[in-house]
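S.K.: Based on the provided sequences and hints, a complete structural model is requested.
Protein chains in written order, with my numbering: chain V, 160 to 416; chain D, 868 to 1119.
Hints in this document: simulated from the structure, not taken from any laboratory. Here the structure is a predicted model, which is why all the values come from computation and not from measurement.
The calculated BS3-like cross-link candidates involving lysine-lysine, where the alpha carbons are at most 27 Å apart (straight line), are:
#, chain 1, residue 1, chain 2, residue 2
1, V, K382, V, K295
2, D, K1014, V, K382
3, D, K884, V, K295
4, D, K1093, V, K295
5, D, K883, D, K911
6, V, K295, D, K886
7, D, K883, V, K294
8, D, K1093, V, K382
9, D, K911, D, K886
10, D, K884, V, K294
11, V, K382, D, K1015
12, V, K294, D, K886
13, D, K1093, V, K294
14, D, K1093, D, K1014
15, D, K1093, D, K1015
16, D, K911, D, K884
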Amino acid sequence: MSCVTVRSPGCHVGTGLTFGLVATVTTQPAQRRAPKTGRFDSSVVKKTVMAVSGIIMILYLLAHMVGNLKAFSGAEAFNSYSGWIRTIGEPALPAQTALWIIRIVLLAAVVLHFWAAISLWRQARRARPVPYVTKKRVQQSFASRTVRWGGLILALFIIWHILDLTLGAVNPVGYDSTPYDRLIASFSNIPITLFYVVSMVLLGLHLRHGIFAATQTLGQTNKRRERAVNGLAYVVAGVITVGFLLVPLSVVFGLID
Amino acid sequence: MMSLTLRIWRQRDRTKKGKMVTYHVTDVSPDMSFLEMLDVLNEKLILDGDDPVAFDHDCREGICGSCGLMINGIAHGPEQATVCQLHMRSFSDGDVLDIEPWRAGGFPVVKDLAVDRSAFDRIISAGGFISAPTGTAPEAHSTPVPKKNSDAAFDAATCIGCGACVAACPNGSAMLFTAAKVSHLGLMPQGQPERDARVLKMVAQQDAEDFGGCSNIGECSAVCPKGISMETISRLNHDLLGALRAGAVPMS
Chain V
160 MSCVTVRSPG CHVGTGLTFG LVATVTTQPA QRRAPKTGRF DSSVVKKTVM AVSGIIMILY
220 LLAHMVGNLK AFSGAEAFNS YSGWIRTIGE PALPAQTALW IIRIVLLAAV VLHFWAAISL
280 WRQARRARPV PYVTKKRVQQ SFASRTVRWG GLILALFIIW HILDLTLGAV NPVGYDSTPY
340 DRLIASFSNI PITLFYVVSM VLLGLHLRHG IFAATQTLGQ TNKRRERAVN GLAYVVAGVI
400 TVGFLLVPLS VVFGLID
Chain D
868 MMSLTLRIWR QRDRTKKGKM VTYHVTDVSP DMSFLEMLDV LNEKLILDGD DPVAFDHDCR
928 EGICGSCGLM INGIAHGPEQ ATVCQLHMRS FSDGDVLDIE PWRAGGFPVV KDLAVDRSAF
988 DRIISAGGFI SAPTGTAPEA HSTPVPKKNS DAAFDAATCI GCGACVAACP NGSAMLFTAA
1048 KVSHLGLMPQ GQPERDARVL KMVAQQDAED FGGCSNIGEC SAVCPKGISM ETISRLNHDL
1108 LGALRAGAVP MS
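M.R.: Below is the structure:
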């Protein structure tokens, strides 16, 4: 009889030794599964795709946030900034060249980020086919736990955000308006502003975990740097969240009109 | 003496569906280890003509990595040690304890609380070795190793392969185990020849065994009886990206 418990050479399962009985379990170990050899099949490579696309989006968010703050300089400054984005490089480059480069890079980053997330999510689901009856959290943060569902909500937010402020399709004043008009119209509406605020808080949580995770995935974390990396994650996430909340909250409280 | 209510996962074999069954144990000494408490339960079950609860155990001194149970939702229970080193004094009289096997795609249940952890052996056989010439042991100082590296390699090498990292991980990832094995060889001069191929092959095997990917949550390290740090996973990632940049192709 082949007696294969997994790690113990003696193969004792349970006891009963006192009575001369030994409960044994005979089983065949699972078959070796052939690993996939493609570079993008590796979970670590998928995580790297996630990290790099995430960093590209963070850099964009920082620029976007600084641009938003132009709203404090008034309608004219805000609208001319919006016009400038469409004319960068003119007359050497055709109109909107820089804008479309930014858009294509961002779209690629979002698609790759999403692909990696869905692929790893599916792998994680396969990895726990039977759930625990009781499972406690020992150390995980709220940010790390909500990163997947938070990411999905952020994807919906991005779609709505483009329809609202870029295309004007769902904006109270519609497309035939200046960017500044659309900004004021949206944030004068309480439900829209609330959705925006909730999304930005989720973004902050997403970034707090994401920045730490990206650093770890790119192999740049160690015990000595742990505090610094976590500090960086908090600072960048905090700056981006507060920076994006300043404009809508200022509209709500009448500091901008 | 303590009395406890245990809710234990009972499952005939891999193919049958399991369920939680409630048992009462009395006369539990606070000085018993958790496994000894289960022995007391099993003696009672055998006397009653019932099937004793199957669970893995071997050395009972915290070094073999055989035992491993999910106790009230925490891998290895409330202390950061193996179940055999967990004593009943960590619980109170009248406690209700849920006891479950490790849950992972790569760890199918064999019976009750015993799971098949041969997936770990297959991750090791994919690359967790060095090619050393056989014969007389070489002079220890012939290959100098920086103290920092030998310490870090030793910390990683304390991994006993119990599987608590997988059990605790919300993604069911075996990355802490794989990273410990990759690190402890990759930090030593003897581990350099296969360093690139090793990390690629071991990560590919961990993915193939139905373990999840790491999302840097840190539950693994928090329950690891040997306190293996998340730093090892960062080192694995660093090695894997370096291997890809160097154009390493895993030799088969």
